[in-house]
Amino acid sequence: MAEPVLALEGVETCYALSQVLFGVSLAIAPGEMVTLMGRNGMGKTTTVRSILGLTAARAGTIRFMQEEIRGLPSYKVAQRGIGLVPEGRQIFPNLTVRENLLATAVKRDGDDWTLAKVYALFPRLAERDGSMGNQLSGGEQQMLAIGRALMTNPRLLILDEATEGLAPLIRAEIWRCLASLKESGLSILVIDKNVGALMKVADRHFLIERGRVVWKGSSRELAAAPDVQHRYLGV
Amino acid sequence: MTGWLSVRNVAIAALLLALLLLPVYVELGGSRFLLTLFTRILILAMASVSLNLILGYGGMMSFGHAAYLGIGGYAVGMLAHEAVFSGFIQWPVALLASALFALVIGALSLRTRGVYFIMITLAFAQMAYYIVAGLARYGGDDGLTIYKRSQFIAPINLSNKIQFYYICLGLLFASIYLVWRIVNSRFGLTIQGARSNDTRMRAIGFPTYRYKLVCFVIAGTMCGLAGALLSNHTDFVSPAMMYWTRSGDLIIMVVLGGMASAFGPLFGAVALLVLEEVLSGITEYWQIILGPLLLLVVLFARGGIDGLLAKVRHRVSHG
Amino acid sequence: MRIPMTLFIEQCLNGIQFGLLLFLLAAGLTLVFGIMDLVNLAHGSLYMMGAYFAATFVAWTGNFIFGVALALGATLLVGMAVEVIAMRRLYGRDHLDHVLGTFGLILFFDELVRLVWGPEGLTLPLPSWLNTSIQILPGVDYSAYKLSIIVVTLAVAIFLYVLVMRTRIGMLIRAGASNREMVGALGVNIKLLYTLVFGLGAALAGLAGLMQAPILTVQVGMGENILILAFVITVIGGIGSIRGALVAAIFVGFIDTLGRAFFPDLLRMAFTKEVAATAAPALSSMLIYLLMAIVLVVKPEGLFSASGK
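Chains as they are written, first to last, in the working numbering: chain W, 1 to 235; chain E, 236 to 554; chain D, 555 to 863.
Just so you know, the hints here were simulated from the structure itself, not pulled from any lab data. There could be a bad hint or two in this list.
From chain D, some residues computed to sit far from chain E (all C-beta separations above 10 Å) [what the hints assert, rightly or not]:
hint, residue
1, 570
2, 634
3, 661
4, 677
5, 692
6, 711
7, 744
8, 824
Calculated cross-link-like contacts (lysine-lysine; reagent style DSS-like; alpha-carbon spacing at most 25 Å) [stated by the list, open to error]:
hint, chain 1, residue 1, chain 2, residue 2
9, W, 216, W, 182
10, D, 827, W, 76
11, W, 107, D, 745
Bear in mind that the values here come from a model prediction, so they are computed numbers and not experimental data. By construction, the Cβ of each residue, glycine as well, lies at the ideal position given by its N, Cα and C atoms.
Please construct the entire structure, taking both the sequences and the accompanying hints into account.
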């Protein structure tokens with residue numbers, strides 16, 4: 001593989017006194033869409049938080065664009081080019097849609113994401129331009145969270161449970177949008193439970209159980225191993 | 236290392252012994268000033284013990300506790316001014332007035348939580364301050380001199396400094412005991428439960444508001460008694476006794492000594508007042524040292540003196 | 555009871571002026587609490603520093619405007635220094651820790667001021683061009699200086715509104731109030747934002763202090779007295795809400811000023827002279843706290859609690 005965009009090696013993380021990650025390793029090549037899947041409580045969100053520096057990893061290496069980022073404060077990690085679409089969406093309820101998108105936006109160079117481009121991707125958001133964050137529906141909030149992360153012009157987009165609690169139609173729209181993002185060359189890490197949909201869009205998968213990666217492989221390999229799916233994902 | 240002989244308990248016993256024997260030491264040629272200083276320490280320790288009940292155990296950050304010192308003190312002062320010198324009238328009035336004030340303030344303030352609660356208790360105490368400072372008849376800003384201490388039946392004579400010291404000591408012990416009993420009763424455990432998780436306590440079915448209010452009134456009343464003692468001790472009352480920075484002093488004593496511990500407030504009172512004496516001997520600008528010192532205690536020694544002593548025991552017994 | 559119209563108008567203006575001054579103080583307090591969840595008792599100390607700096611710099615430079623500008627800058631610097639040295643370690647801790655820690659700062663600042671400037675207060679005389687009256691209505695003269703206070707504080711209120719509602723920094727401030735972790739996760743240096751917000755709060759407090767300096771005496775402990783009022787306003791208006799602080803401040807300023815001016819007369823109408831004389835000053839002080847008690851009974855979280863909390 002070409003130099004990975006993101007590479008984790010033996011990452012260990014604790015919450016207070018209990019250890020959650022016992023040596024997580026994964027890698028994402030440029031332009032790949034990779035998933036991290038597993039049942040609830042297995043350490044998926046903790047992995048995301050460790051990458052972003054929201055919960056400090058106490059051992060292992062985390063390299064983004066060949067640079068070690070473990071131990072950096074979250075804003076520095078984000079500034080290097082990781083865009084986070086967090087679990088629970090977490091849009092700013094007391095800001096309008098437009099403000100949500102502009103507040104943390106970052107200009108980099110050339111082919112930047114702009115307000116216009118985000119609205120082209122999500123026409124529904126354009127209609128809600130002046131609405132307050134807490135007036136949006138779940139699906140709209142999800143689109144807003146994705147748009148907000150895109151406005152920081154990331155090299156790697158991380159989505160944590162981006163389709164949770166959403167109606168099937170909206171979910172499909174989000175998968176479509178992710179596919180088009182992948183086509184544009186963005187590297188993407190997806191945490192989700194919808195194995196079926198993900199196998200169609202993503203390139204490779206990492207399955208995590210009790211803080212360790214227990215299986216990794218391509219979509220084809222995963223499709224050919226229903227017992228693996230059953231064992232680690234309960235499907 | 237078993238419980239009874241821990242460093243902490245030895246320290247407590249030593250302090251209590253020293254307090255008991257202090258007047259003897261003074262009589263044998265020690266400085267009279269020590270007696271005055273330590274009487275004051277005992278009284279303020281009692282006030283801190285009452286604050287610890289609601290702050291340390293109950294988690295209610297009241298920033299207006301000094302108001303009760305003032306209420307108790309002024310009850311004695313005002314009655315003395317009107318030539319009512321009997322302690323049998325003055326002290327019950329002090330207690331009743333404190334209880335009533337605590338009831339009203341508590342009823343209103345306990346409807347709020349956290350920062351609001353701090354600010355509101357602060358504001359209400361200031362209100363009391365301004366009311367009292369506005370009473371020209373009772374000295375207003377300048378305060379009121381008390382020419383005759385509270386009179387009880389002979390042989391009790393509050394003007395006898397040694398007797399007064401032991402009375403204060405006795406009342407301090409009584410208040411420590413009372414708080415200890417309350418805290419270890421079912422009522423007290425409910426209060427402590429409410430401190431860690433009020434919502435859950437209410438979900439289980441405890442009317443936490445009512446419990447907290449009772450606690451608040453008890454604490455206020457106890458502090459009112461301390462106020463009556465204080466005004467007797469200084470033969471003087473002034474609004475300054477209840478200025479909000481005095482409430483801050485009480486909180487410092489509680490935190491410095493160690494919250495939610497029986498003798499913590501006593502350690503805190505001794506530590507703070509002795510420290511003040513020592514520092515003011517060094518420089519008249521001693522608060523410049525005390526201020527940052529307080530910040531450091533908050534940042535690094537949150538458990539106070541009691542906490543530090545307990546840690547020593549831990550380290551000793553674990554080699 | 556006859557109150558001459560001119561006196562009434564004058565007192566109304568005094569009420570507005572006092573209220574706006576209190577707003578400056580309360581706005582800083584509520585901003586810092588809303589964004590950083592920090593209870594800062596030493597806010598009053600910054601108010602005091604503003605007044606002391608103003609009196610000193612104006613005396614040094616001999617120029618009112620220049621001295622006042624320097625004082626504002628100095629207070630801003632002191633505020634940011636305090637944030638970096640002390641406040642940073644208090645973020646995320648229990649509110650009691652904030653109360654105790656900042657209380658320690660009050661002791662420190664009070665004593666520092668006494669050390670540097672002595673226990674006697676200072677005065678700040680007004681320059682002649684401000685020390686006049688202006689006729690605002692036929693027959694009604696009002697102090698030019700107090701009018702300028704009203705103008706300046708209104709301008710600051712508008713500036714705050716524009717800053718918080720229409721600029722990117724304002725968006726970040728509001729976003730940070732509802733979810734500071736997320737703001738950091740999206741690439742914003744929260745620490746720097748905090749320092750700036752705290753500095754802004756300090757500047758507001760300092761401005762209030764230096765504007766008040768010519769009217770009151772500049773003395774140790776002036777911060778503590780007015781801090782209480784700022785707290786009451788914050789409680790009434792709702793913590794975190796600048797709009798609430800404005801409404802509550804003007805209301806409180808009004809009630810306090812008019813109350814002190816006319817309440818004694820009201821009492822005298824109803825009661826005997828002695829009773830009124832004894833009770834009036836005490837009761838006038840009480841009015842604000844009564845107002846706060848009423849608000850508490852009706853709406854415990856304040857009139858305009860900040861959204862998203």
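Going through the hints against the structure:
1. 570: holds, 22 Å
2. 634: holds, 17 Å
3. 661: violated, 4 Å
4. 677: holds, 21 Å
5. 692: Given that every Cβ of chain E is farther than 10 Å from that of residue 692 of chain D, nearest at about 37 Å, it holds.
6. 711: holds, 22 Å
7. 744: holds, 20 Å
8. 824: Nearest chain E Cβ is 18 Å from residue 824 of chain D, so the label holds.
9. W/216 / W/182: Status holds; Cα separation ~20 Å.
10. D/827 / W/76: violated, 70 Å
11. W/107 / D/745: Holds. Residue 107 of chain W to residue 745 of chain D sits at ~21 Å (cutoff 25 Å).
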